[in-house]
Structures are given as structure tokens and as C-alpha cells.
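Engineer: Input sequences plus hints: build the corresponding full structure.
Protein chains: 2
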Amino acid sequence: MKLCFYNDEFKSIKEMSLPVSDLMIQRGVGVFDTIRTYRKRPHALSIHLKRLEESAKSIGIELPVGKKRLAEIIREGIDRMEGEVQMRVYVTGGDVFAGGIFPHPRYFIIFEPLEKAPKEDYVNGVVLHPIDMERPFPHIKSIFYLPAYIGRRQDKEAMEALYCPAGEITESSSSSFFMVIDGKIVTAPTERVLDGVMRQIVIKLAREAGLAVEMRCPLLSEVPRAQEAFITGSIKEILPVRRIGSQRISQVNGPISQYLQHLYAQRIEDYLE
Amino acid sequence: MKLCFYNDEFKSIKEMSLPVSDLMIQRGVGVFDTIRTYRKRPHALSIHLKRLEESAKSIGIELPVGKKRLAEIIREGIDRMEGEVQMRVYVTGGDVFAGGIFPHPRYFIIFEPLEKAPKEDYVNGVVLHPIDMERPFPHIKSIFYLPAYIGRRQDKEAMEALYCPAGEITESSSSSFFMVIDGKIVTAPTERVLDGVMRQIVIKLAREAGLAVEMRCPLLSEVPRAQEAFITGSIKEILPVRRIGSQRISQVNGPISQYLQHLYAQRIEDYLE
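Protein sequence lines correspond, in order, to chains A and B. Residue numbering for the first sequence follows UniProt numbering, beginning at 1 and increasing consecutively. Residue numbering for the second sequence follows UniProt numbering, beginning at 1 and increasing consecutively.
One thing to keep in mind: the hints can contain errors.
All copies of an identical chain are treated as equivalent in the list; a pair is satisfied when it fits inside any one copy or across any two copies.
[Said to hold, decoys possible] Derived lysine to any residue pairs resembling SDA-like cross-links, with alpha carbons at most 25 Å apart:
no., residue 1, residue 2
1, 50, 267
2, 57, 251
3, 119, 100
4, 156, 139
5, 14, 106
6, 57, 27
7, 119, 271
If you're looking for bench data, these hints aren't it; they were derived computationally from the structure.
Structural biologist: This is how it looks when you write it as C-alpha cells:
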């Protein structure tokens, strides 16, 4: 069962549709954030809602509903679903006929049963397809995912496209990216990428555990000498990478990936709300 | 009155909505093309439908309806509307739950009364706001217009954002761009931009009239010595530019702009279908 909250009611997602005059359809003006539950409690809910608000603000959209009310709806949605849940909260530019700068944004929330990557992916690692471009407006979590589809067409095994403008690896289409080089965890600086919630947590946990974290874009040319690579995201958590384009990563799910997974598992509770 | 054709019927646009599970909403997977009428006949219809097909194909979407049938629907829509019409034909990625690579794309067509830019704009020229990025996948006319909104927030007078990656002017958010330098008409090469239908026509007319057309990106640094600048599009035709960022164009609607407008007006008939 998949639910959608829209216009003050919960409905089956099959019954829910958005006016074609909404700017999300007309002009791709839409932002969202993804949240998951552990033991039926939303993880890092406040951080996600704050980021949703900031994504919207960067385009000039004010949230059409308070964050407190959003949290209430999310809790009600979780209660209505069986088992663990993944949610996407969307905010749109509102109707094109409203004129002006987004006077009446719309919002809706989709609730689905939690669907993690298959277990094998955590053992064998996933494939990323490098593309020579930057994610447009990296601080905004917009609905623009065309590069992901175009990237994956070029490599059927690829789970995600990997943004590598001029050979500098920033992030993948739906995840943050990390590469272990000379024992250090290297990841793009926050100015260049979406400040992923899981990314923030992984950096914090790594530093607390005394691991070196270097905030610079790993280079595509460094892949051959990388010891490990992984991507992170709210639903996938910490997922090892086995191949980037034609280049294999020497160790899949190596000691640092496993250590971080272990540290994360121990601290999930801290972020449940 | 605004009409929408969807699911084999014409309805008022207010009654038309798209399932939230469509990839156009979920992931911004949508392409479109804009067509206008002159004397109730669609202009360059076949060229537009061909380009729509190519935009879709570049993402991996096959048109869910033949171009011949699309043309029939468009003619019927034009008949149902009063006066001149502008239409946007949209093709979406289809439902996210369909799985696979776009097995069931959706399409819909919006019909609106033709709305040209105000007459003053043709006399006084419009303002463009330069942004330091390339339009992603310039050959695809996708629904991704966030840069236009973000650009216009920075300059309230701006009609469109002007893509200027590394100072090279490619195109504006909804138009092709031309600048007259040393008496030559300079415009980005086709590899770098959307191959606009009006752009093709303007280049052809200019060359036939013996004007020099140089296919290279005009530079932002060349704006101070440009004699004229204009943008082109199916609805706006040939629209003069008066300012790009903080730099004024020396002559607004100068001799070359006016000559091309004149040549275009004489040849509209050739493209009516």
C-alpha cells in the first residue's frame, strides 16, 4: 500500500494527481526530501524538514505549511502504514496561472513501504556511471533527475550517475560520494554538493572515531589508487561501490566502509524523533 | 479558455491533472515543444513534432502516439479555440510504478490563446540575466527551468536567464540568442544549444539575404562592442535585447533586427501547415 497526503487528506497514491497547470509539471519547479523510519520512528526528521525549507527558499518558495504540522502529518502517515516507511515530502512552485513569484505553492507527501537496496549490493558493491557535469544548483534537492536516466542508459549496470565536472567527483545522482585514498576518507566540500543528512552523520562519526576526513573533490584519475568507495543516502545508508565507469575499486566493502556501517548502526537511535 | 487534451479527450485545463506517480513529477522526466498558429494554421508543425520526438528519444522515451495523430489532435484543438493559439505538447516518462525504461510514457497537449510579448518589448528591448552555467542537455527541450527562476530572482527586470558558461553565451532560458558584432550575426554553434525552430529560420533567412552569420558562442566580454542583440522563439519571433546584466546593448531593435523581422514576416506563409 502506498499513500499520498494532499489537500488535507490521505488517499491511495493511485487516486492522487496534480493539476497540469502546476509549475512542477510546467517548468520543473519542485523540491523534495526523503525520510525513512527505523522502528516506526522518523530518522533525522527535523534536519530533513529544515533542508526541505532551505531547498524551497533557494528558489523563492515559502513552505505552504509549518514544519510542525508537516511532522504531525508524517507521524500520522507512518501510523497508517504497515511496517517501516519511506516518505518523500514534495513542495511545488504552485499554479502557473497564479502569476507572480510562487504565491500559492502546493505540497504533498508520498508514503511507501521501506525498500532498501538488495543485500547483495552491500556485499558486491554497486556501479556508478561518471558524467562530465555538475549537478545544477547542488544545494537544492530539486526533482531534476534527467542526468541519472541519461547516465544509466549508457551503462545498464549503473545504479546511479556520478557527477564528475572536469574530472572532479562531486556526488552521485541520489547520493553523497566518498572515496578512501591513502587511508583518508575523501569527499567533496559542502559548497559543491547537497549537504546530505547521511553524509553529515558519516563525516561526524568518522571524525569522532579518529578517521581522517579530507573535504576536497576526489578525482576520477584517483580511482585506480582508491582503496574503497561508497555512497550514502537516507535509505541506502552506506553502500559500497565496486566500479566507476570502466575502473574497478580495489576493495569492495573494505574495513573503513564496514567500520562506518558499524558506527552508524550504533547511533541510529540518536536521530529518531 | 484554456484546453487540455489528455487520455483521449479535450477538457478545460482546470479539470486536468497528472498522477503524482508520473516520472515527470517524481523525477522531472518530461519533454515538450511549443507551437503557435498564424491565421489558425500551425507554424512549422512537422519540424516541432520531429524535435519533440528527438527530445524524447534522447532520454530513451518513444513517443506514445504517432506524429500524424498528434497533428490531427492539434488541428482539432485549434478548431475548438477562439482566435490564434499557442500549444505545448508534453511527453512524460510515464509511471514510476511501471518500472523499466519508460514502458508507458504519457502525453498531453495544452492549448491557450496566443500571448505575445507586449509591443513595448519589441521597441525598448528586453533584459537578460547572465548565469554562469550551461543548459543541461541542450539538445533536449526538457521541463527543467529552475535556472530561469533563480536567474530572474537576481534581476527583477530580467525576462529570461542567459546561459553563459565560462563567459560563453549559449542560449537564454526559453530562447535562442544572437548578437551582432562587427556587422556579423554571431550565434552559438548547434552542438551547444537547442536547435530552435525560429533559430533555424532566422539563420536561413539571414544567409539568403547575404548577411554574414558566424556560428560561435558570442562572449559576455563582447557585449560592450555589440551593435545589436536579440532572442528568438516560436512565440516571441525576433525580440530585441536592451541589457545583459549590467551591460547595455548600444542599439535596440537596430537595422539588422528590423531587417530580419521584415524577412521573417514575408516568409511565415511558407511554414504554415
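Engineer: State for each hint whether it applies.
Structural biologist: Outcome of the hint check:
Proximity of residue 50 to residue 267 under the C-alpha cut-off of 25 Å is restricted to the intra-copy arrangement: shortest distance 21 Å within a copy versus 54 Å between copies. In this assembly of identical chains, the alpha carbons of residue 57 and residue 251 never lie at most 25 Å apart, being 41 Å within a copy and 37 Å across copies at closest. In the homo-oligomer, the alpha carbons of residue 119 and residue 100 lie at most 25 Å apart only across protomers (21 Å), although the nearest pairing inside one protomer, at 48 Å, exceeds that limit. In this assembly of identical chains, residue 156 and residue 139 lie within 25 Å of each other by CA distance solely across copies; the values are 22 Å between and 28 Å within a copy.
When the C-alpha separation of residue 14 and residue 106 is checked against a cutoff of 25 Å, the pair qualifies both within a copy, at 18 Å, and between copies, at 15 Å. When the C-alpha separation of residue 57 and residue 27 is checked against a cutoff of 25 Å, the pair qualifies both within a copy, at 17 Å, and between copies, at 20 Å. Proximity of residue 119 to residue 271 under the C-alpha cut-off of 25 Å is restricted to the intra-copy arrangement: shortest distance 24 Å within a copy versus 57 Å between copies.
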